[in-house]
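Participant: So you can see what is in the structure, the chains are spelled out below.
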Amino acid sequence: MLSNTEKELIVQIWDKMIPVAEDIGSEALLRMFTTFPKTKTYFSHLDISPRSEHLRCHGKKIVQALAEGARNISTLTTTLAPLSRFHAYQLRIHPTNFKLLNHCILVTLACYMGENFTPVAHAAIDKYLSAFSAVLAEKFR
Amino acid sequence: MVEWTDAERSAIIGLWGKLNPDELGPQALARCLIVYPWTQRYFASFGNLSSPAAIMGNPKVAAHGRTVMGGLERAIKNMDNIKATYAPLSVMHSEKLHVDPDNFRLLADCITVCAAMKFGPSGFNADVQEAWQKFLSVVVSALCRQYH
Numbered sequence: 000m001l002s003n004t005e006k007e008l009i010v011q012i013w014d015k016m017i018p019v020a021e022d023i024g025s026e027a028l029l030r031m032f033t034t035f036p037k038t039k040t041y042f043s044h045l046d047i048s049p050r051s052e053h054l055r056c057h058g059k060k061i062v063q064a065l066a067e068g069a070r071n072i073s074t075l076t077t078t079l080a081p082l083s084r085f086h087a088y089q090l091r092i093h094p095t096n097f098k099l100l101n102h103c104i105l106v107t108l109a110c111y112m113g114e115n116f117t118p119v120a121h122a123a124i125d126k127y128l129s130a131f132s133a134v135l136a137e138k139f140r
Numbered sequence: 000m001v002e003w004t005d006a007e008r009s010a011i012i013g014l015w016g017k018l019n020p021d022e023l024g025p026q027a028l029a030r031c032l033i034v035y036p037w038t039q040r041y042f043a044s045f046g047n048l049s050s051p052a053a054i055m056g057n058p059k060v061a062a063h064g065r066t067v068m069g070g071l072e073r074a075i076k077n078m079d080n081i082k083a084t085y086a087p088l089s090v091m092h093s094e095k096l097h098v099d100p101d102n103f104r105l106l107a108d109c110i111t112v113c114a115a116m117k118f119g120p121s122g123f124n125a126d127v128q129e130a131w132q133k134f135l136s137v138v139v140s141a142l143c144r145q146y147h
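Protein chains in written order, with numbering that gives the first Met the number 0: chain A, 0 to 140; chain B, 0 to 147.
Note that these hints are calculated values from the structure, not bench results. Some hints could be false.
[As the list claims (entries may be wrong)] Straight-line C-alpha distance at most 27 Å; calculated BS3-like pairs for lysine-lysine: (1) K98(A) to K133(B); (2) K133(B) to K37(A); (3) K82(B) to K37(A).
[Claimed, not checked] Residues from chain A that keep clear of chain B, each with C-beta distances beyond 12 Å, as calculated: (4) I17; (5) T33; (6) A120.
Note that beta-carbon positions come from the ideal geometry of N, C-alpha and C, so glycine has one too.
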């Protein structure tokens, strides 16, 4: 459950991430691939070495989708419907992996926001990422 | 037995050497209680946990955060034998404190986030994160071992 204050905080934070979407997104992915090597199995078709074009491009897409979702939190299911179908029918990622990327997104935000990543901001973003992943996994079965 | 590469060992000990456990412990525990409020169930005797501000200002939470870091220090000093070092702690968390071990992972994640906030993207880069999280997962696993 997200309070109105939390929803505003989430929009504020993700809006700040849009101009640095490539940096934040690629770093979160790199952290995930380094800390949880099994996640690399879904990317054998891409060059995911640090600073690669593929990594930056893919990272950017993820941050942009998260920013878009943040602006449409009350209609996540509708907003994310195409992405949801894509994850269910084409990507077929084992659902536990969403948590791993979410954790690495939190760590990346913590690195860049420092003291501004307060416990309240952390809780709000964690809740948002959980809701987002739940929608992405909705059509899995 | 856990195998540490030289790089991992050096990253973990290096990070530990730079952090202030008396600062990080209280921050991480308070964060855990705020971000994952169900964890408050184990701290009913700690007094006022009614708001993030109350939790962050609660002296018992701070003291316990320092206790947790004391435990981590023992793991750092016994990196090649964390399982045995932690056996009594594991028994205590299971039989006396009755803590659901899934919650250990949450506290470990909060410790990681606090370290990330403090050291930033170059001090807490992907390789350091990997080593640190491997260390914490060994600690968590050791804490879980005596649950029957």
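Participant: Taking the hints in turn, state whether each one holds.
Facilitator: Against the structure, the hints:
no. : hint              : in the structure
1   : K98(A) to K133(B) : holds, 17 Å
2   : K133(B) to K37(A) : holds, 14 Å
3   : K82(B) to K37(A)  : holds, 25 Å
4   : I17               : holds, 18 Å
5   : T33               : violated, 4 Å
6   : A120              : violated, 10 Å
The structure is inconsistent with the numbered hints 5, 6, although it conforms to all the rest.
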